[in-house]
Every structure is written in C-alpha cells, then in structure tokens.
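Fit chain B to the given chain A structure using the hints.
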Amino acid sequence: GAVVSQHPSRVICKSGTSVKIECRSLDFQATTMFWYRQFPKQSLMLMATSNEGSKATYEQGVEKDKFLINHASLTLSTLTVTSAHPEDSSFYICSARDPTASDEQFFGPGTRLTVL
Amino acid sequence: QKEVEQDPGPLSVPEGAIVSLNCTYSNSAFQYFMWYRQYSRKGPELLMYTYSSGNKEDGRFTAQVDKSSKYISLFIRDSQPSDSATYLCAMSTGGGNKLTFGTGTQLKVEL
Chain A
1 GAVVSQHPSR VICKSGTSVK IECRSLDFQA TTMFWYRQFP KQSLMLMATS NEGSKATYEQ
61 GVEKDKFLIN HASLTLSTLT VTSAHPEDSS FYICSARDPT ASDEQFFGPG TRLTVL
Chain B
1 QKEVEQDPGP LSVPEGAIVS LNCTYSNSAF QYFMWYRQYS RKGPELLMYT YSSGNKEDGR
61 FTAQVDKSSK YISLFIRDSQ PSDSATYLCA MSTGGGNKLT FGTGTQLKVE L
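In order, the protein sequences belong to chains A and B. Residues in the first sequence are numbered consecutively from 1, following this note's numbering. Residues in the second sequence are numbered consecutively from 1, following this note's numbering.
Okay, chain A solo, but in the shape it has when bound (with noise of 0.2 Å):
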C-alpha cells in the first residue's frame, strides 16, 4: 500500500515556541491531505482538510491562526503549531488520499507533541 510519512515522530518544545510538522506521501501524489489531533484515550478529531495549491478548510471549533497549514506540492504538506501551549500536548496524524487508489487514505505513524 501506498505510504506517508511525518517528521518529526516527536517534539518538545518550550510553551510560546511554534512547532512545524511535515506530512509527505511517498510513493503517490496527494491532491488532499487531512491533519487530525487525537488525545489520549480519545478518537482522532479532524482539524482541517489541506488541498494542494489553495487555503486549508479548517474544522469547527479548530484556530486556523494557530494551526497553519501550507501544502505547496502534491507530496507534502506541513502543520505549524504557533505559540504552543501545553494544552496542545497531542498526537498529530496526518493522511494523504491516493487519488489512484479509490480516494483511499493513508495515514502517517503520527507526531507525539509535548509542550512543556
């Protein structure tokens, strides 16, 4: 199957500092990548649906200040995590959909954020 990738796997960083994460897909263009947040113990929550070359469409409730999306190429797209906070501490996971593969989504291994 097709694979995607996220960097860093974990981050710490200090309360106020802003935190970039990258989400690529390997081996197939993705025209739409979305980024969820899931809590511990809690189900993976949809923050915004990244379609290459135009804006974010960011989900209710989701400060699209805060959580800046860029997805510059079919192969990348990036989540920036400005002025964290500790309330942020989250798991970030990223999928791509294959166009080529039924509109499947493929999800990344995830970003463990701790803000301290």
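To be clear, the hints were calculated from the coordinates, so they are not data collected in a lab. Take these hints with a grain of salt, some might be off.
As a list, the in silico EDC-like pairs of lysine to aspartate or glutamate whose alpha-carbon atoms are at most 20 Å apart [unchecked claim]:
#1 A:Lys14 / A:Glu87
#2 B:Lys108 / B:Glu45
#3 B:Lys98 / A:Glu63
#4 B:Lys42 / A:Asp88
#5 A:Lys41 / B:Glu5
Some chain A residues well away from chain B (every beta-carbon gap over 12 Å; in silico) [what the hints assert, rightly or not]:
#6 Cys13
#7 Gly16
#8 Lys20
#9 Glu22
#10 Gly61
#11 Lys66
#12 Leu76
#13 Thr80
#14 Pro86
If you want a taste of the chain A side facing chain B, the calculated C-beta under 7 Å gives, among others [claimed, not checked]:
#15 Ser43
#16 Leu44
#17 Leu46
#18 Ile93
#19 Arg97
#20 Asp103
#21 Phe107
#22 Gly108
#23 Pro109
#24 Gly110
Backbone N, C-alpha and C fix where the C-beta goes; we use that ideal spot for every residue, glycine too.
Same frame as chain A, but now just chain B:
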C-alpha cells in the same frame, strides 16, 4: 450526541476467541464504512472498507454494515495476541471525503 458511538472498552478475550466490535451512528448520509487498527503510538492502518450495507470478509476479519439500524460490526475469528490494539470505526458520506471516527475500542487478546 456524537455522530459515531463506539464502546471504548477495554475488551479482554482469550486467544482463539471470536471478537465482536461495534459502532452505531446517527448520520444517515454515511455511505462508506471502515475499520482501522491502531497500535500504541502509531498511526491507524486500514483493515476493512465497505460501501453501503452488507458483509465483507478478509481472512479472519468480517465487516458487517446494517444501514437500516445504523450499526456496523467487525468480527475477528481465532483472535491472536498480535490482534491486541485499538480498533477504530470510521465513516464518510462519499469516497475520499473526510472521515468521522469512533472513539476506538481497546482490545487485548491474552494467552
């Protein structure tokens, strides 16, 4: 009320048992139904993908969808310790559309 309800467990079964995992949903527009397996600190991996009502079998896994009852199930036969993971149901209104997930059921298969 959440759009998708799933018992979080944990569910503990002996090796070899048949496992039944379930989700209910409220949005009648959902047409595509998926089951994902997620190991601790990893991303979800797709196990089963079904469209509309019916059954689908793949090895030890069987997925059932009953749209009239808004109820989906995943059965695991001859469960193995390696099946221990969190199982998430997910659904969407169209192929490639955003997914709505259940909370996940934590399964432990014991020797």
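Status of each hint after checking the structure:
{"no.": "1", "hint": "A:Lys14 / A:Glu87", "result": "12 Å, holds"}
{"no.": "2", "hint": "B:Lys108 / B:Glu45", "result": "17 Å, holds"}
{"no.": "3", "hint": "B:Lys98 / A:Glu63", "result": "18 Å, holds"}
{"no.": "4", "hint": "B:Lys42 / A:Asp88", "result": "19 Å, holds"}
{"no.": "5", "hint": "A:Lys41 / B:Glu5", "result": "14 Å, holds"}
{"no.": "6", "hint": "Cys13", "result": "18 Å, holds"}
{"no.": "7", "hint": "Gly16", "result": "26 Å, holds"}
{"no.": "8", "hint": "Lys20", "result": "18 Å, holds"}
{"no.": "9", "hint": "Glu22", "result": "14 Å, holds"}
{"no.": "10", "hint": "Gly61", "result": "15 Å, holds"}
{"no.": "11", "hint": "Lys66", "result": "20 Å, holds"}
{"no.": "12", "hint": "Leu76", "result": "17 Å, holds"}
{"no.": "13", "hint": "Thr80", "result": "20 Å, holds"}
{"no.": "14", "hint": "Pro86", "result": "19 Å, holds"}
{"no.": "15", "hint": "Ser43", "result": "4 Å, holds"}
{"no.": "16", "hint": "Leu44", "result": "5 Å, holds"}
{"no.": "17", "hint": "Leu46", "result": "6 Å, holds"}
{"no.": "18", "hint": "Ile93", "result": "5 Å, holds"}
{"no.": "19", "hint": "Arg97", "result": "5 Å, holds"}
{"no.": "20", "hint": "Asp103", "result": "3 Å, holds"}
{"no.": "21", "hint": "Phe107", "result": "4 Å, holds"}
{"no.": "22", "hint": "Gly108", "result": "5 Å, holds"}
{"no.": "23", "hint": "Pro109", "result": "5 Å, holds"}
{"no.": "24", "hint": "Gly110", "result": "5 Å, holds"}
In this structure, none of the earlier numbered hints is contradicted; all agree with it.
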